[in-house]
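Turn these sequences into a full structure, and let the hints guide you.
Residue numbers (UniProt numbering): 1 to 498.
In short, the hints are calculated from the structure, not lab data.
Since the structure is predicted, the reported quantities are computational estimates derived from the model, not experimental observations.
The beta-carbon is built from N, C-alpha and C at its ideal position, and this holds for glycine as well.
Mixed in with the good hints there might be a few duds.
Now the in silico label distances, taken between C-beta atoms and shown as ranges [unchecked claim]:
| id | residue 1 | residue 2 | range |
| --- | --- | --- | --- |
| 1 | 149 | 178 | 51 to 57 angstroms |
| 2 | 331 | 280 | 44 to 50 angstroms |
| 3 | 148 | 177 | 47 to 53 angstroms |
Computed cross-link-like contacts, DSSO-like style, restricted to lysine-lysine with a CA-CA straight-line distance of at most 27 angstroms [to be verified]:
| id | residue 1 | residue 2 |
| --- | --- | --- |
| 4 | 79 | 201 |
| 5 | 171 | 99 |
| 6 | 352 | 232 |
| 7 | 232 | 99 |
| 8 | 104 | 171 |
| 9 | 214 | 232 |
| 10 | 171 | 201 |
| 11 | 352 | 335 |
| 12 | 268 | 232 |
| 13 | 214 | 104 |
| 14 | 99 | 79 |
| 15 | 268 | 104 |
| 16 | 357 | 335 |
| 17 | 99 | 201 |
| 18 | 268 | 79 |
| 19 | 215 | 232 |
| 20 | 201 | 215 |
| 21 | 232 | 171 |
| 22 | 214 | 201 |
| 23 | 348 | 335 |
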Amino acid sequence: MRTATHHPLITAPCNLWPGPRPTSSPVLPSGSRRPRRGALVVRAAVVVEQEAKTKISLVRIGTRGSPLALAQAYETRDKLMASHSELAEEGAIDIVIIKTTGDKVLDQPLADIGGKGLFTKEIDEALLEGRIDIAVHSMKDVPTYLPAGTILPCNLPREDVRDAFICLTVKSLAELPAGSVIGTASLRRQSQILYRYPSLKVVNFRGNVQTRLKKLNEGEVQATLLALAGLKRLNMTENVTAILSVEEMLPAIAQGAIGIACRSNDDKMATYIASLNHDDTRLAVACERAFLETLDGSCRTPIAGYAHRDSDGNCVLRCLVASPDGTRVLETSRKGLYALDDMVAMGKDAGKELLSKAGPVCNSVLWSSYMFWSAAFINKMDEQTAALLWKTNKISVSSFQVHLARYESSQHLENFLAVFVDFCDRENQKEKSTKAGRDRLRGGLQDVTSLPWKLCKERRGWMLCVGLSSSLKLEVRVLALHQFRRCSCRVFLTIRDS
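Here it is as structure tokens:
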């Protein structure tokens, strides 16, 4: 027979008695019934369960599992505990580690596996599904369009925005001999390095800070560049050889800033994290992201920008867009009031200026054989972009890639193809198109917009060539990844001569 002593929830039967342990069976009041067998065990279980409920975390923080991401999550936790007394109790805040696509795929450049959202998508999904209460992100990894149902009301005080040069043999980039190999996973750094030092070689160099330093020590590369903010948060600045000024290496958009997101309908969490917001950082990040949004940049596009308050209290914004190989760099700057509306307008205006110089989506199409677009840009397909794509074919750039992130339906793809195909059709009519060719074009478009999503959901690859003219072909290939989700579908469009 199992007694109270044997029950796993009870360490000693005497814990059930309010006073000293009785030496014999307790005397029951007259008329009272003796508790049925097992009643003490049930009562004990209830007591233990009630105690456990009081220890349920009030806030669950979602984060990646890298040492740097965890350092940022702990910084957030400490600030929450200092600002809200109810969160200072032991167990009130829990940290939940979530592995993202960017953490899983380490053998490919970031640009080749999807660009923006690689380090945030799975965390955002956990937030929307209620598995975590808040999400802590490096702002440079956050796409310009937040997932529906989420808000980002807080930026913690920004760390140092500069990049650190790390090398075991020389003290600066300028001292590296011709042919030296520099490791970086950032096209922004790659383009700026090659622009100033074309004799150097840049290779893809992924992994967390510790991994990259280990590879450097093992001689895989002669030097590398890392964000100084990350090294400071990890207390690893002793590894720094030199700190690059923002004039020499313009930082990534929102570099050094931490963002904290929550569900848009969770007022309690929004109140918690909004109390931690650093207004100067938030305004600077908003300015830089307005510039990025205008260009619709991604990890495939070398874009840099830095907004800060000068000695007069005004906002100074400096922006850059470049070709991946560093052969062309376009820069601009703005100065204005350090206020939200003014700074967002500055960012957008700077983006429009560079667009006018370089073409839509920073015109990386004109400088390389591919181009990255996010779903947000597909939604904004217009005549100007169609004109660029037409021009792209004329100058023999062979292909571009479209990655559909956070994709809801085929409606956006239909719009994308419709606008582009209509434009190409009109251009062909100016040259040598025929009625038969136009009819064939319309039929092909119907196939494109009806077939891919069915096949994609069946987890099969599919390819279709749509004839745009006698000399131009549009290939549409829809690939489903090994686990199909709305957010993990890629569409590759290739323009080529037939």
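Checked hints:
Roughly 52 angstroms separates the CB atoms of residue 149 and residue 178, a value that falls within the hinted 51 to 57 angstroms. The hinted window of 44 to 50 angstroms between residue 331 and residue 280 is violated, with their beta carbons roughly 24 angstroms apart. For residue 148 and residue 177, the Cβ-Cβ distance of about 51 angstroms falls inside the hinted range of 47 to 53 angstroms, so the restraint holds. About 42 angstroms separates the Cα atoms of residue 79 and residue 201, which puts this hinted pair outside 27 angstroms; it is violated.
Distance check on the hinted pair: residue 171 and residue 99 sit about 36 angstroms apart at the alpha-carbon level, beyond 27 angstroms; violated. The straight-line distance between the Cα atoms of residue 352 and residue 232 is roughly 35 angstroms, outside the 27 angstroms bound, and the hint therefore fails. The suggested pairing of residue 232 with residue 99 holds, with an alpha-carbon distance near 23 angstroms, which does not exceed 27 angstroms. Of the supplied pair hints, the one linking residue 104 and residue 171 is violated, its CA atoms being roughly 34 angstroms apart against a limit of 27 angstroms.
Proximity of residue 214 to residue 232 is assessed by CA-CA distance (about 18 angstroms); at most 27 angstroms being required, the pair is judged to hold. For the proposed pair residue 171 and residue 201, the alpha carbon gap of about 17 angstroms is at most 27 angstroms, so the pair holds. Proximity of residue 352 to residue 335 is assessed by CA-CA distance (about 16 angstroms); at most 27 angstroms being required, the pair is judged to hold. Pair hint residue 268 plus residue 232 does not hold up; C-alpha atoms about 31 angstroms apart against a cutoff of 27 angstroms.
The suggested pairing of residue 214 with residue 104 holds, with an alpha-carbon distance near 19 angstroms, which does not exceed 27 angstroms. As the CA atoms of residue 99 and residue 79 are separated by approximately 24 angstroms, the hinted pair is consistent with the 27 angstroms bound. As the CA atoms of residue 268 and residue 104 are separated by approximately 33 angstroms, the hinted pair breaks the 27 angstroms bound. Taking the CA atoms of residue 357 and residue 335, the gap is about 20 angstroms. The hint holds against a cut of 27 angstroms.
Of the pairs offered as hints, the one joining residue 99 and residue 201 is violated, with about 32 angstroms between alpha carbons and a cut-off of 27 angstroms exceeded. Among the hinted pairs, residue 268 with residue 79 is consistent with the structure: their alpha-carbon atoms are about 16 angstroms apart, no more than 27 angstroms. Straight-line distance between C-alpha atoms of residue 215 and residue 232 comes to about 20 angstroms, which keeps the hinted pair within the 27 angstroms bound. About 16 angstroms separates the Cα atoms of residue 201 and residue 215, which keeps this hinted pair within 27 angstroms; it holds.
Simply put, residue 232 and residue 171 have alpha-carbon atoms about 20 angstroms apart, close enough for the 27 angstroms limit, and the pair holds. For the hint linking residue 214 to residue 201, the alpha-carbon distance of about 20 angstroms falls within 27 angstroms, and the restraint holds. This hinted pair checks out: residue 348 and residue 335 have alpha carbons roughly 13 angstroms apart, not beyond 27 angstroms.
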